[in-house]
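> Chain residues, written in single-letter form:
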Amino acid sequence: MSSSFIGLFFAAIFTDNIALTMFLGLCPFLSLSRNLPVAAAMGGSVTFVMVTTAVLNWLLMRYFLIPYRLEYLQFLVFILVIAALTQILESVIDRFSPRIYAAFGVFLPLVAVNCAILGVSLFASFRDYGFAETLVYATGSGIGWTIAILVMGGLRRHLIFCRPPAALGQVGTVMTIASLMALAFGCLSGLVTR
Amino acid sequence: MNSALGEVCGAVLLIDVLVGSLCLAICIVRRVFCRWPDVKLHLNEGETRTVAGGQNLLAAVRGEGFLLPGSCGGRGTCGICRVRVGRGGGEIAPAEEVLVSPSDRRSGVRLACQVRVRGAIEADLPEDARAARFVRASVTACEKISADINRLLLDIAEPPGWKFAAGQYVQVFREPPHPGDETLTRAYSVASDPAVPDSIELHIRCVPGGEMSPWLCDRNVGDVLWFSGPYGAMILPEIDADTDVVCVAGGVGFAPMKSVIRDISRRPAPPKTWLFAGAATAEALYDHDWAADMAERHPWLVYVPCVQNGSGAGTKGKPARAARFEHGLVTEALERRFPAGKKAVALLCGPERMVAASRLILAAKGLPPAGILADAF
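These protein sequences, in sequence, are chains A and B. Count along the first sequence from 1, then add 19; that gives the number in this note's numbering. Count along the second sequence from 1, then add 1200; that gives the number in this note's numbering.
What the hints contain is simulated information worked out from the structure, not anything from laboratory work. Computed from a predicted structure; not experimentally measured. Note that the Cβ used here is the ideal one computed from N, Cα and C, for glycine as well.
If we take Cβ atoms under 8 Å as the criterion, some of the chain A residues that face chain B in the derived model are:
(1) Leu89
(2) Val96
(3) Leu99
(4) Gln106
(5) Val111
(6) Arg114
Produce the entire structure from the sequences given, and follow the hints as far as they go.
Shown next as structure tokens:
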């Protein structure tokens, strides 16, 4: 049981990385990876909201939507929960931890429109994960997204020493790096078996 | 059929209940957690005010009647609402890392809109913010002076006796302002002579799709306009007879220079003044005739018009006045024409890059940083 959780956790981080294999949350992944401290703040915000919303959405699905056969409303319900929870978290963090609030800056509100957050809640639902599996999967996905954006940020720092083909442009270069990262992350499959 | 209808009604009810619950939860959380006690705001010279906690410093200061300038509605994008914050300012916000230079940050300069008032806080307001007033004016003329620039002449209705110094700017409101409110404002330099009472001249570059400038350019004679001010520290200091004045203007950055030159022309012994005015084309170099005429009449004024595209000669003005256009950027003309090692005070107004490049050129020619004045907008 525990080994399957470890497998799920590492798969969510590496081989099923939400950004590199599902192409979710790519907008902030591409735009905010220019600056490492900003990328780290965004990664922290995404992980935090991803875990809390996945757990809350699982509870709503399990005790509300499934018993009343309203599963088809899950998209709408999940989005509402994510938007509201982001607002609530912003107020609570602002009140109790101004330092963390300042570190999150504008990124916490931006998380509300990050499709990776919705994706994790939906995948947990589609794959019929239990509570513990959802928690492990969401935590792994958040950490995986953070690692991906930090690695991209680190690689982009070194782009200044390279001369990528001009025709690729900045977005093309970053997408090429992302595809190579996806291959590298995918190669880790088999390291931990589920 | 009935079961399908019941299902739809149930689904709608569920969404309504969920939305209502979430809104209620947000309201409760905000009511419980976002209430802050009143705090002490320590201002310059030992002055202390009690303000509501939880708001940003810009709102707190404006609520106390100090008209701190700002043109982005507190979003932290214009970088104008600068104050020196002592204790209680908290962490630097990401927006401030972009807009406030490291040396300014070390000396405590913060953007008031990014500082949350959570406890006792010390803030030194700039003198111009303490002296600024709301002004009600009426439009006496609104005329097009180049392809995208309008001249706006305003008569000041109240308060009586409102004054400004040459080189300062005002913040124009789109709606009648109320103390403490966040309304749309934009900064415009005053181009008129400070010695002429109760009227000002503004130069407005119409930015297509802009929130303020197209509206301003559409004003008619008799329309009421509100602004606050005066603001800005780009004021010519007292100088010796052997000190030159260098004015470098790009686009509508010409406006404060016009005011400064009008002010200098009234002095009993005007210092030698260099006016470098740049524009993309000769047609865009508005008020060229005025400046050329001033230079003809006053030997202390050296007028250097610069155009990036086209020759400029013969395109406007009398031939004698149109003959001495410099070609290229205004900064290139500054480098070519202004002598190195000359004792001078510089006033810069225009695009950010022009101001930054002019600073470097003038510093290389021996001007001390304190002798180079520019406003941050």
